[in-house]
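The sequence shown begins at 1 in UniProt numbering and counts up by one.
Check before you lean on any hint, since a few could be wrong.
[What the hints assert, rightly or not] Label-pair distances were calculated between CB atoms; the ranges are:
#: 1; residue 1: 404; residue 2: 70; range: 32 to 38 Å
#: 2; residue 1: 61; residue 2: 403; range: 36 to 42 Å
#: 3; residue 1: 198; residue 2: 3; range: 38 to 44 Å
#: 4; residue 1: 69; residue 2: 311; range: 48 to 54 Å
#: 5; residue 1: 364; residue 2: 17; range: 42 to 48 Å
#: 6; residue 1: 199; residue 2: 404; range: 49 to 55 Å
#: 7; residue 1: 77; residue 2: 167; range: 24 to 30 Å
#: 8; residue 1: 156; residue 2: 92; range: 39 to 45 Å
#: 9; residue 1: 399; residue 2: 106; range: 34 to 40 Å
#: 10; residue 1: 55; residue 2: 282; range: 34 to 40 Å
#: 11; residue 1: 58; residue 2: 10; range: 37 to 43 Å
#: 12; residue 1: 217; residue 2: 159; range: 53 to 59 Å
#: 13; residue 1: 353; residue 2: 373; range: 16 to 22 Å
#: 14; residue 1: 18; residue 2: 308; range: 38 to 44 Å
Hints in this document: simulated from the structure, not taken from any laboratory. All C-beta atoms, glycine included, are put in the ideal place defined by N, C-alpha and C.
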Amino acid sequence: MRVALSGVSKPGTDATGDDEVRARIAQLAWSCTVEPGDATAGLLLGALGPVAALDAVTSGALLQRARERGSGAGIPLADLASALERWRDRLDIDRTLAILRNSAKLGVLAVLPGDPEWPTQLDDLGPHAPCALWVRGSVDTLRGLAPSVALVGARASTTYGEDVTVRLASGLANRGYALVSGGAYGIDAVAHRVALAEDAATVAVLAGGPDRLYPQGNRALLERIIAQGALVSELPVGQAPTRWRFLQRNRIISALASATVVVEAGRRSGAANTAAHTLTLGRPLGAVPGPVTSAASVGCHRLLRETDATLITSVDDIVEMLGQGQTAELALPDGASWPGERGPVGDVSERLSSNAVRAKDALRVGRPQRIDAVGSSAGLTTAETAAGLAELETHQLARETAAGWVKAPNTRR
1 MRVALSGVSK PGTDATGDDE VRARIAQLAW SCTVEPGDAT AGLLLGALGP VAALDAVTSG
61 ALLQRARERG SGAGIPLADL ASALERWRDR LDIDRTLAIL RNSAKLGVLA VLPGDPEWPT
121 QLDDLGPHAP CALWVRGSVD TLRGLAPSVA LVGARASTTY GEDVTVRLAS GLANRGYALV
181 SGGAYGIDAV AHRVALAEDA ATVAVLAGGP DRLYPQGNRA LLERIIAQGA LVSELPVGQA
241 PTRWRFLQRN RIISALASAT VVVEAGRRSG AANTAAHTLT LGRPLGAVPG PVTSAASVGC
301 HRLLRETDAT LITSVDDIVE MLGQGQTAEL ALPDGASWPG ERGPVGDVSE RLSSNAVRAK
361 DALRVGRPQR IDAVGSSAGL TTAETAAGLA ELETHQLARE TAAGWVKAPN TRR
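Model the full structure from these sequences, guided by the hints.
Pasting the structure below:
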């Protein structure tokens with residue numbers, strides 16, 4: 001265990017005592033087990049600590065005590081039983097050690113809560129905070145994120161949006177701000193490129209494992225970020241980016257940055273989801289206005305109209321905004337849509353429950369999977385998987401065959 005752990009530890013910070021080694025391995029085992037944003041795991045770890053939580057779960061003692069008392073570690077029995085089923089096929093020390101060895105080969109380092117490099121602003125996520133961060137590049141970059149600004153926006157960005165991003169990113173970099181984004185096409189990529197050109201600290205938060213340089217078209221950019229900044233994920237190597245993980249990834253972007261600015265956003269977009277997380281955290285949120293005829297600015301205009309988002313037209317506006325907290329709440333739906341929003345006729349993908357979204361992510365066209373395999377891949381219980389698949393079937397997004405469940409052809413990922 002000590003050798004596997006040293007491979008993902010920053011030189012000079014290896015665990016020394018046996019108890020410390022065990023604690024770090026247990027924390028990483030949880031990181032390799034839970035899906036992003038699993039609040040039940042967060043509550044359990046907060047109550048028992050990683051070692052005791054791992055022992056209690058693997059021994060079955062926790063569920064036994066919970067049955068006797070109606071709850072365990074302050075978690076209702078039903079929630080705990082459901083979580084244990086989700087974790088059952090993943091919570092394995094041998095699997096964790098294999099992931100650590102693969103991570104070391106790729107140069108991935110693990111940063112845990114309590115480490116000097118751990119961004120303490122993530123603690124604002126409470127039980128939804130990640131168990132660990134898996135980092136490629138400089139872990140010291142994580143300590144330079146105060147102050148920082150997340151610049152996010154449409155993947156299908158316009159020339160106007162890209163020009164504004166260049167101006168804002170350059171101005172922020174020259175004033176000493178680090179830049180955070182998601183490494184995606186469009187506004188994200190422009191923000192990262194400007195930060196690299198200005199030799200400013202930049203962090204890209206991935207929705208899959210740190211070995212998945214996604215999107216592939218940004219591979220060269222992501223490799224430059226590794227060389228000059230940091231790629232960060234709460235998921236270990238081998239984990240694919242999925243729609244559910246993209247939505248959960250956005251909470252990390254919001255929590256890492258001192259403030260978030262949405263440069264462009266369509267009516268339904270990941271940037272709008274990031275804005276919702278930012279408001280929920282009580283962090284400053286800004287939005288750049290655009291042409292009233294531009295579909296790429298509809299989301300920004302909606303933020304300005306319906307929330308306490310600050311109108312941003314210059315770097316000075318952002319600096320001024322950083323001196324003010326935002327207290328408006330914006331409900332976080334299961335998908336990227338806004339509360340009460342309904343898409344165009346026939347567009348149901350934005351109204352799916354979280355169980356359906358995660359089951360859909362796990363399905364493949366033309367490759368039948370049994371319900372237990374779908375649940376294991378999606379991190380769902382059998383009951384949650386069945387409910388999600390039934391919802392997908394109702395909307396003709398999936399179908400059951402004699403060999404198992406398959407995603408419907410031409411279904412958007």
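Hint check results:
{"no.": "1", "hint": "404 - 70: 32 to 38 Å", "result": "37 Å, holds"}
{"no.": "2", "hint": "61 - 403: 36 to 42 Å", "result": "39 Å, holds"}
{"no.": "3", "hint": "198 - 3: 38 to 44 Å", "result": "40 Å, holds"}
{"no.": "4", "hint": "69 - 311: 48 to 54 Å", "result": "52 Å, holds"}
{"no.": "5", "hint": "364 - 17: 42 to 48 Å", "result": "45 Å, holds"}
{"no.": "6", "hint": "199 - 404: 49 to 55 Å", "result": "52 Å, holds"}
{"no.": "7", "hint": "77 - 167: 24 to 30 Å", "result": "54 Å, violated"}
{"no.": "8", "hint": "156 - 92: 39 to 45 Å", "result": "41 Å, holds"}
{"no.": "9", "hint": "399 - 106: 34 to 40 Å", "result": "38 Å, holds"}
{"no.": "10", "hint": "55 - 282: 34 to 40 Å", "result": "36 Å, holds"}
{"no.": "11", "hint": "58 - 10: 37 to 43 Å", "result": "29 Å, violated"}
{"no.": "12", "hint": "217 - 159: 53 to 59 Å", "result": "19 Å, violated"}
{"no.": "13", "hint": "353 - 373: 16 to 22 Å", "result": "20 Å, holds"}
{"no.": "14", "hint": "18 - 308: 38 to 44 Å", "result": "50 Å, violated"}
In the structure shown, a violation is registered for the earlier hints numbered 7, 11, 12 and 14, in ascending order.
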